[in-house]
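Visitor: The whole structure should be built from the sequences, with the hints applied where relevant.
Sequential numbering of the sequence shown, starting at 0, is according to numbering that gives the first Met the number 0.
Read the hints as simulated data drawn from the structure, not as lab findings. Certain hints may be false.
[Claimed, not checked] No more than 20 Å apart at the CA atoms, straight line, and that leaves these computed lysine to aspartate or glutamate pairs for EDC-like:
no., residue 1, residue 2
1, K93, D78
2, K159, E190
3, K30, E82
4, K125, E115
5, K246, E230
6, K125, E160
7, K11, D78
[Unchecked claim] Derived DEER-like restraints, expressed as beta-carbon distance ranges:
no., residue 1, residue 2, range
8, I296, K121, 47 to 55 Å
9, E283, N5, 28 to 36 Å
10, H248, N178, 16 to 24 Å
11, E190, I296, 40 to 48 Å
12, N224, K121, 51 to 59 Å
Don't be surprised by glycine CBs; every beta carbon is placed ideally from N, CA and C.
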Amino acid sequence: MTILENYNKQIKFNGFEADLAQQNTVECLAKLQQRLITHLNSQQTFRYKLTSFLKRPQPVLQGCYIWGGVGRGKTWLMDMFFESFGKHSPINNKKIRLHFHHFMAFIHDQLSLIDEQKKPLKHIAKSFAQHYQLLCLDEFHVSDITDAMLLHGLLETLLKEGVVIVITSNQAPDNLYKNGLQRDRFLPAIELIKQHHQIIHLEGNTDHRLRLLKKADTWYPVSKNSDKLLEMRYLELITCRATPNFKIHINYRIIDTILYTNDIIWFEFIVICGNKRGSADYIEIAKQFHSVFISHIPQMDDTHND
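Guide: Next comes the structure, spelled out in structure tokens:
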């Protein structure tokens with residue numbers, strides 16, 4: 000089933016309203032899907048193998064960079080694209096879908112394992128490209144200076160090695176890592192993204208998740224079922240698998256979570272409110288996450304008036 004067929008099926012099955020911006024995005028992804036399949040099939044031809052043997056430059060497929068506000072369906076559409084390649088598709092065993100922060104954590108782990116390598120980042124990217132030709136990166140958000148410094152070299156090698164990258168983000172490329180330290184050194188990465196990706200703005204004011212939230216209770220009084228009720232509501236809102244006990248990095252500090260997805264997060268009250276958090280922490284959390292769940296809030300009295 001193509002992504003376009005699946006999208007129309009999901010709209011009808013779930014009783015959703017058609018969204019023109021989503022439809023335009025799906026059409027762009029459908030074209031990329033077809034180009035990618037055609038490209039992979041061509042790799043089996045004698046002409047392609049000869050060109051590769053002679054180390055002549057191969058055509059690089061343009062990926063997609065999908066950006067827009069929260070709740071617009073970016074992750075949903077990218078996941079639909081990722082799953083639209085059937086099990087017999089030539090790309091099926093050469094694709095990977097990762098949250099951006101998980102991807103960068105993987106890169107950092109690999110860097111720590113490599114010794115006495117002149118260009119370790121290039122080595123890691125080439126090794127990655129040997130296994131994957133399609134990389135779907137969700138929630139591309141650069142806030143760490145170390146990541147910012149790595150991304151140009153990393154993206155450059157992946158693209159040269161023929162990896163097609165599909166990205167979702169809340170920000171336009173030109174706004175990535177805005178006001179970040181040494182941002183001028185990150186600007187070449189932005190230019191790479193713009194050069195090698197079709198930039199798709201998923202416009203619109205409709206927050207599709209907010210429609211679900213409007214039906215939900217804000218408060219769940221403490222009871223034996225309160226955690227289950229929260230979990231039910233959480234699972235209704237997410238569009239991808241949640242990661243339990245995930246550790247997030249906010250302003251260079253680690254914060255434990257109960258459940259985590261790209262833009263919906265669940266904290267224990269004592270963790271998020273009881274460990275000397277500053278307003279900057281909450282501002283950053285609000286920037287990164289569409290919805291925040293907090294459980295086990297204690298009864299407040301004069302001894303807890305802070």
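Visitor: Can you name, in rising order, the numbers of the hints this structure does not satisfy?
Guide: none
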